[in-house]
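Sequence lines, in order, name chains A and B.
Note that the first sequence ends on residue 437 in this note's numbering; no numbers are left out.
Note that the second sequence ends on residue 437 in this note's numbering; no numbers are left out.
No wet-lab data here; the hints were simulated from the structure.
Hints should not be assumed to be uniformly reliable.
The list makes no distinction among identical chains, and a pair is therefore deemed to hold if it is satisfied within one copy or across any two copies.
What the hints assert, rightly or not - Straight-line distance between alpha carbons at most 35 Å, and here's what the computed DSBU-like set of lysine-lysine pairs gives:
(1) K38 <-> K94
(2) K119 <-> K420
(3) K191 <-> K413
(4) K31 <-> K413
(5) K430 <-> K221
(6) K82 <-> K50
(7) K119 <-> K98
(8) K342 <-> K98
(9) K233 <-> K431
(10) K119 <-> K371
2 protein chains.
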Amino acid sequence: MAKINTHFQKLSAHYLFPRIEKQVSLLKEKRPEAELIDFGIGDVSEPLAEGLVKALCASALEMGSKNTFKGYGPSQGYPFLREEIARHDYKGLGIHPDEIFISDGSKSDTANIHELFDQSSIVALPDPAYPVYVDATVMAGRSMGATSSGTYEGIHYLSCTEKNGFMPSPPASHTDLIYLCSPNNPTGVALPKELLQEWVRYAKKEKAVLLFDAAYEAYISSDAPHSIYEIEGAKDVAIEFRSYSKSSGFTGLRCAFTVIPKTLLLDSHSLHALWKRRSDTKFNGVSYIIQKAAAATYSSPCKEEIQAQITSYKKRTSLLMQGLQSLGYTIYGGKDAPYIWCKAPMGLSSWAFFDLLLQEAHIIAIPGSGFGPCGEGYVRFAAFKEEKIIEKSLKRFMNLSKKIENIQR
Amino acid sequence: MAKINTHFQKLSAHYLFPRIEKQVSLLKEKRPEAELIDFGIGDVSEPLAEGLVKALCASALEMGSKNTFKGYGPSQGYPFLREEIARHDYKGLGIHPDEIFISDGSKSDTANIHELFDQSSIVALPDPAYPVYVDATVMAGRSMGATSSGTYEGIHYLSCTEKNGFMPSPPASHTDLIYLCSPNNPTGVALPKELLQEWVRYAKKEKAVLLFDAAYEAYISSDAPHSIYEIEGAKDVAIEFRSYSKSSGFTGLRCAFTVIPKTLLLDSHSLHALWKRRSDTKFNGVSYIIQKAAAATYSSPCKEEIQAQITSYKKRTSLLMQGLQSLGYTIYGGKDAPYIWCKAPMGLSSWAFFDLLLQEAHIIAIPGSGFGPCGEGYVRFAAFKEEKIIEKSLKRFMNLSKKIENIQR
Numbered sequence: 029m030a031k032i033n034t035h036f037q038k039l040s041a042h043y044l045f046p047r048i049e050k051q052v053s054l055l056k057e058k059r060p061e062a063e064l065i066d067f068g069i070g071d072v073s074e075p076l077a078e079g080l081v082k083a084l085c086a087s088a089l090e091m092g093s094k095n096t097f098k099g100y101g102p103s104q105g106y107p108f109l110r111e112e113i114a115r116h117d118y119k120g121l122g123i124h125p126d127e128i129f130i131s132d133g134s135k136s137d138t139a140n141i142h143e144l145f146d147q148s149s150i151v152a153l154p155d156p157a158y159p160v161y162v163d164a165t166v167m168a169g170r171s172m173g174a175t176s177s178g179t180y181e182g183i184h185y186l187s188c189t190e191k192n193g194f195m196p197s198p199p200a201s202h203t204d205l206i207y208l209c210s211p212n213n214p215t216g217v218a219l220p221k222e223l224l225q226e227w228v229r230y231a232k233k234e235k236a237v238l239l240f241d242a243a244y245e246a247y248i249s250s251d252a253p254h255s256i257y258e259i260e261g262a263k264d265v266a267i268e269f270r271s272y273s274k275s276s277g278f279t280g281l282r283c284a285f286t287v288i289p290k291t292l293l294l295d296s297h298s299l300h301a302l303w304k305r306r307s308d309t310k311f312n313g314v315s316y317i318i319q320k321a322a323a324a325t326y327s328s329p330c331k332e333e334i335q336a337q338i339t340s341y342k343k344r345t346s347l348l349m350q351g352l353q354s355l356g357y358t359i360y361g362g363k364d365a366p367y368i369w370c371k372a373p374m375g376l377s378s379w380a381f382f383d384l385l386l387q388e389a390h391i392i393a394i395p396g397s398g399f400g401p402c403g404e405g406y407v408r409f410a411a412f413k414e415e416k417i418i419e420k421s422l423k424r425f426m427n428l429s430k431k432i433e434n435i436q437r
Numbered sequence: 029m030a031k032i033n034t035h036f037q038k039l040s041a042h043y044l045f046p047r048i049e050k051q052v053s054l055l056k057e058k059r060p061e062a063e064l065i066d067f068g069i070g071d072v073s074e075p076l077a078e079g080l081v082k083a084l085c086a087s088a089l090e091m092g093s094k095n096t097f098k099g100y101g102p103s104q105g106y107p108f109l110r111e112e113i114a115r116h117d118y119k120g121l122g123i124h125p126d127e128i129f130i131s132d133g134s135k136s137d138t139a140n141i142h143e144l145f146d147q148s149s150i151v152a153l154p155d156p157a158y159p160v161y162v163d164a165t166v167m168a169g170r171s172m173g174a175t176s177s178g179t180y181e182g183i184h185y186l187s188c189t190e191k192n193g194f195m196p197s198p199p200a201s202h203t204d205l206i207y208l209c210s211p212n213n214p215t216g217v218a219l220p221k222e223l224l225q226e227w228v229r230y231a232k233k234e235k236a237v238l239l240f241d242a243a244y245e246a247y248i249s250s251d252a253p254h255s256i257y258e259i260e261g262a263k264d265v266a267i268e269f270r271s272y273s274k275s276s277g278f279t280g281l282r283c284a285f286t287v288i289p290k291t292l293l294l295d296s297h298s299l300h301a302l303w304k305r306r307s308d309t310k311f312n313g314v315s316y317i318i319q320k321a322a323a324a325t326y327s328s329p330c331k332e333e334i335q336a337q338i339t340s341y342k343k344r345t346s347l348l349m350q351g352l353q354s355l356g357y358t359i360y361g362g363k364d365a366p367y368i369w370c371k372a373p374m375g376l377s378s379w380a381f382f383d384l385l386l387q388e389a390h391i392i393a394i395p396g397s398g399f400g401p402c403g404e405g406y407v408r409f410a411a412f413k414e415e416k417i418i419e420k421s422l423k424r425f426m427n428l429s430k431k432i433e434n435i436q437r
């Protein structure tokens, strides 16, 4: 008899977002007139830049013409895009176009990267973290079952707390694969150069691999590194994931890339060669027209349009952040990412604060505990919404504060 | 120390297509003036239908407008496309839109499907077969190493030979996962209803799962089933993979779908639920504009344009097939697929015939042995090229035949 992969059964039944959707649906049923403000799922809200629409249409027309039609492209991605990435995103960092793999999303890549490694690999990941790291680790059979706290035995959790400023240091023990996300989802905190240097040293000592997710690097305002390859020696130990989703509004278009330097060897085996083999076998590349749009992000006027969008999203984030701070909320993140990590008032749990926000202010946040036990007592706000909506939300937060005050009296 | 997935090391060093590319490069170096005719890689050659270009541009414009912009879509695919598929591709077969998963390609899906099953699963696959089935099986750790004949111990090969008309019957022994490809790549042979009924019976008896790849169903001229779900009971044992690549010219756009009926259970576990979980965790869906183009294939005038393309490809295949037959070649396939399975003359090996064609006629074919040991002594021609090119090739085949005659004298 054929049998299922029992690792899937270890996964906790409730994936974060479906549970939130359910609560929201119940609220909508109960109060159909409620005008919800969704700071939950981190999705862009502005339409595609005009230059991107033009690039999409122009390449669609190319595909409709005999002389310029493109069939199968290279599984690794077209050189025209990989060259732009090397030239712009890795200027001065010595990353070669051959070391870049174009994909349909960092979600796919940060999950599928597991396939390159031995079954026994010990995985470390931030707590709280983007749920995909955890779930992909469990599905790959690199954990035991779930504990009552929602963690999985066998995974090494890197606690991110107020105490360490949500910046995890390398552990004392050995681990093989370490997910780092900077700027972090959900805390919004970017890791400084010195700490990344520590991580590279750790990876060298332990012969471990850093899986560096830089999906939000375009939002960095501080002097935190945008790429792990700004750190000396990183090319021997780190894989980097980047995405056009949040930098260029591609969440609905789907394009990302992964960098695996050719110098990254495990016991003389090239991870670049393995990922190339995986891509050739299991992937047929990203749509030509989507790659043309991604390439357009590097030139005027598209580049400026996109930069203006990011500036606008950052302004919205600041507005929400400052508003919340002025109401007495304790806030982290927000400066280097479109995410605000907000401490729940009155010692409320994440889900209790989520419920309070939903019921009393019709505001949707993501309960921090859904990202890991250290997220307990926090919620994440994704501040992509228009300024007028953020202003409206601040009025609701103000009313909520008054209600809370009255309760407390 | 982190270690690599050693299953990757079991893979034979030479992946079929890179080896062909190398031989072709050498020929180009030696004879830069040679005008090559490529019947090798199975890729469409006609530009996108006008209706598709329109759908792409229209949806790109939607993405550029505030009110119609789409961010993240459902990982399973938009309902508008899944509903069209259920309505048209599965008319009368009782497949629900919820049972359909939109993906970026059947290559990805036929490889990634492995993740749903227990490590111990015994895999059966046709010999010859699309190389992805074999390689994905090896990478998933469901084989031992390669043998001298190029097969892998632990995989159950279903011989497809002249003797069984390239139609494999169920084996006497137990297997868990069975890849079937109908119409087959590379032989071009479609499996008749009675044989598929045998396979469904076998799968029921063995509690096995059929992985039915119907990527070429649009090319069927005979009365062979287009879907495994035309067979009674198949919804309890079969997953079906379909693609817009060859049916609608999407090789460069990337869109496909996989059907997992909710009635398909393994020891009461739903494979549909597992694949849904995998999609939610590891995939963020296909680009909205690509899904809009896929949906356009079901309506006029796009539908008729695409049908005309298929008719044209089929005509070209017939032309090549009849030409080769008139020159005395033994030919299979071609009727239900754009692939012609041609027996090498004079008992030549696949690679020897490949070399002869390349050197003497500047024609590129795929050596049949690259698809499995039973492919030895054959080559595959993909007949997507324009009629005038096919006619030109037939002159070269004729000259080659004369040369061969002279050698034989």
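Hints versus structure:
no. : hint          : result
1   : K38 <-> K94   : neither (51 Å within a copy, 41 Å between copies)
2   : K119 <-> K420 : neither (41 Å within a copy, 49 Å between copies)
3   : K191 <-> K413 : within (30 Å within a copy, 66 Å between copies)
4   : K31 <-> K413  : neither (46 Å within a copy, 44 Å between copies)
5   : K430 <-> K221 : neither (42 Å within a copy, 71 Å between copies)
6   : K82 <-> K50   : neither (38 Å within a copy, 37 Å between copies)
7   : K119 <-> K98  : both (29 Å within a copy, 32 Å between copies)
8   : K342 <-> K98  : between (38 Å within a copy, 21 Å between copies)
9   : K233 <-> K431 : neither (54 Å within a copy, 65 Å between copies)
10  : K119 <-> K371 : neither (38 Å within a copy, 53 Å between copies)
Hint compliance for this structure: hints 1, 2, 4, 5, 6, 9 and 10 are not met, and every other hint is.
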